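Sequence lines, in order, name chains S and B. The first sequence begins at 20 in my numbering and counts up by one. The second sequence begins at 59 in my numbering and counts up by one.
Derived from the structure by calculation, the hints contain no laboratory data. Be a bit skeptical, because a hint or two may be false.
What the hints assert, rightly or not - Lysine-lysine pairs mimicking DSSO-like chemistry, simulated, CA-CA at most 27 Å apart:
| id | chain 1 | residue 1 | chain 2 | residue 2 |
| --- | --- | --- | --- | --- |
| 1 | S | Lys23 | B | Lys382 |
| 2 | S | Lys32 | B | Lys108 |
| 3 | B | Lys380 | B | Lys390 |
| 4 | B | Lys108 | B | Lys98 |
| 5 | S | Lys112 | B | Lys442 |
| 6 | B | Lys110 | S | Lys79 |
| 7 | B | Lys410 | S | Lys77 |
| 8 | B | Lys380 | B | Lys63 |
| 9 | S | Lys23 | B | Lys380 |
| 10 | B | Lys442 | B | Lys382 |
| 11 | B | Lys473 | B | Lys442 |
| 12 | B | Lys251 | B | Lys410 |
| 13 | B | Lys82 | S | Lys23 |
| 14 | B | Lys98 | S | Lys32 |
| 15 | S | Lys79 | S | Lys112 |
| 16 | S | Lys152 | B | Lys390 |
| 17 | S | Lys77 | B | Lys473 |
| 18 | S | Lys77 | B | Lys442 |
| 19 | B | Lys97 | S | Lys79 |
| 20 | B | Lys71 | B | Lys98 |
| 21 | S | Lys32 | B | Lys473 |
| 22 | S | Lys79 | B | Lys448 |
| 23 | S | Lys79 | B | Lys251 |
| 24 | B | Lys473 | S | Lys79 |
| 25 | B | Lys473 | S | Lys47 |
| 26 | S | Lys32 | B | Lys451 |
As the list claims (entries may be wrong) - If you want a taste of the chain S side facing chain B, the calculated C-beta under 8 Å gives, among others:
| id | residue |
| --- | --- |
| 27 | Phe28 |
| 28 | Thr84 |
| 29 | Thr88 |
Note that the structure is a prediction, hence the values are computed from the model and not measured. We put the beta carbon where it would ideally sit given N, CA and C, even for glycine.
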Amino acid sequence: MYIKQISIFVENKPGRLADITGILADNKIDIRALSIADTTDYGILRLIVNDPDTALEKLKAAGITSSITNVLAIGIPDEAGAFSDAIRTLSAKGINVEYAYAFITPEAGAAYVIIRVEDNDAAAEALKGTSIKLIGQQEIFNQSK
Amino acid sequence: MFFQKDIETMPRKQLEELQLERLKWTVDYCARNVPFYTKKLGEAGITGDKIKSLSDIQYIPPTTKADLRDNYPFGMFAQPMKNIVRIHASSGTTGKPTVVGYTKKDLEVWSDCMARLLVAVGTTCEDIVQISFGYGMFTGALGLHYALEKIGCAVVPNSSGNTEKALMYMRDFGTTALVATPTYALYMCETAKELEYPMSDYSRLRLGLFGSEGTTPEMREQLEKGWNIFATDNYGMSELQGPGVSGECEERDGLHFCEDYFLPEIVNPETLETLDAGETGELLVTTLTKEGIPLLRYRTRDITRLNYDVCKCGRTSVRMDKVKGRSDDMLKIRGVNVFPSQIESVLLSIDKIGPHYQLVVRREGFTDTLEVQFELTDSSMLEKFSEIEKLQKNVQHRLQTVLGIQCKVSVVEPKTIERFVGKAKRIIDLRNTK
Ligand SMILES: [Zn+2]
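Excised from the complex, chain S in its bound form (with noise of 0.2 Å):
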């Protein structure tokens, strides 16, 4: 139920985000989410993709640093609420979210949030049985189809 995240450290300076994306659509990867946080100086660039393996291979052929982590994927409902009820489901049960992003889906009142965690397990444990589903990697993409 996990999904592959690309994590890449990157400069500060003109061009290198273009220079990465690029190494990723001449190798035909599709990116599907994306987040960037940064300092002045460098960010570290994080990425859904449809074929992690293969893209962390080509960003490391090119000399980049990178890297591969399992995160979460939840459908949340679009409405006002949903993502802070999902939090709160997390902190009750003591999982901290280190991070999340969302993006939108072409799924009609719903979005999907990449998160974080310390613990995937534990997250994904609790939160079973609630409305909040966990995305799996093929679904992400099938739904983009």
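Using the hints provided, position chain B with the ligand relative to the given structure of chain S.
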């Protein structure tokens, strides 16, 4: 163990008398035989007679590498070619090489000096010694070669280059001591590991005789662990004779000078003023017996310190610290002397940092700033910003402890810092540019 015990343990007073006598001789010999010195000493009004004590050396003008280049190829030779038996040259990264010539006596002295230092770290006639310095115009290989033969070692002159073959000889011959640059010795160890050669094949190797570049404490630790050896350093430069000017003893608490042949002093690299014993500055060396190419107060550009205390090993000769840096690399930042080698040693001691770094010096307003850039190659730190920030803070803190000034620490992407072959040029000084 001693090679020439009488000289190596000569009482200091007696040694200094010998040095003074030889210094006077060298001054007159230079004035008589080298037009460059005839002029220079004449202008300064210096003759051997005027040198009353060793401290009078400060009145002699220093000699630089540029002087040797300007007199290329043989202008600094004090003997006609009929008395010269060997010529070496060191290739400069810029300009002409510096050329040195040796008489028969010079070669004899050279191998004596080197043999003393080799015996001082435990080399004996039982040793099988492999020389992995490149043979040729470079003084390193032949300098060690003749000294090792003088001691009675079995010399394996395999030179540098073919690492797999070097490893084969080392294993099959049961080599006990290795002569190399510390960098090459590390590379050999890595190669052996990559090829999955069992390190037990090299169990007879016990001694590392490293030179041509200094070994940092971090490199020494890696070399000793990797090869299971006792790693030692010796020091020299072709202008002065080649290796064998100074070297460690088994105590490894500084490098003993062959002081009956070389007179060292420490000066302020900017003002050239003589510094007191124990102070750190640029090393100047005067040759005391050289016939082929005698040099007065040669500026080595190496930054070090001299220690006149008698060593635990019993040798009375002065010891120099490991070279701390080069005066031509030295940066003066907010009044503090900073050596790139200090920064390198901090960076190499921290995991997760690649070996490539760059220093940028800027002038912001009236203040100089130093930025240290290193490449982030470890992808395990990408999960949390705080990991990278922690690493930056750690580097910053350790640099401040070592350098005494605060600097900016930046992480950059891999392969963005230029790779250098040979001597790395890691400093970008933007202070005098707009
Ligand atoms: Zn000693």
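Hints versus structure:
| no. | hint | result |
| --- | --- | --- |
| 1 | S:Lys23 - B:Lys382 | 48 Å, violated |
| 2 | S:Lys32 - B:Lys108 | 64 Å, violated |
| 3 | B:Lys380 - B:Lys390 | 21 Å, holds |
| 4 | B:Lys108 - B:Lys98 | 15 Å, holds |
| 5 | S:Lys112 - B:Lys442 | 22 Å, holds |
| 6 | B:Lys110 - S:Lys79 | 68 Å, violated |
| 7 | B:Lys410 - S:Lys77 | 22 Å, holds |
| 8 | B:Lys380 - B:Lys63 | 24 Å, holds |
| 9 | S:Lys23 - B:Lys380 | 50 Å, violated |
| 10 | B:Lys442 - B:Lys382 | 37 Å, violated |
| 11 | B:Lys473 - B:Lys442 | 22 Å, holds |
| 12 | B:Lys251 - B:Lys410 | 21 Å, holds |
| 13 | B:Lys82 - S:Lys23 | 78 Å, violated |
| 14 | B:Lys98 - S:Lys32 | 54 Å, violated |
| 15 | S:Lys79 - S:Lys112 | 37 Å, violated |
| 16 | S:Lys152 - B:Lys390 | 61 Å, violated |
| 17 | S:Lys77 - B:Lys473 | 16 Å, holds |
| 18 | S:Lys77 - B:Lys442 | 23 Å, holds |
| 19 | B:Lys97 - S:Lys79 | 62 Å, violated |
| 20 | B:Lys71 - B:Lys98 | 30 Å, violated |
| 21 | S:Lys32 - B:Lys473 | 15 Å, holds |
| 22 | S:Lys79 - B:Lys448 | 24 Å, holds |
| 23 | S:Lys79 - B:Lys251 | 24 Å, holds |
| 24 | B:Lys473 - S:Lys79 | 12 Å, holds |
| 25 | B:Lys473 - S:Lys47 | 25 Å, holds |
| 26 | S:Lys32 - B:Lys451 | 22 Å, holds |
| 27 | Phe28 | 5 Å, holds |
| 28 | Thr84 | 5 Å, holds |
| 29 | Thr88 | 6 Å, holds |
Consistency with the previously given hints fails for numbers 1, 2, 6, 9, 10, 13, 14, 15, 16, 19 and 20, ordered from lowest to highest.
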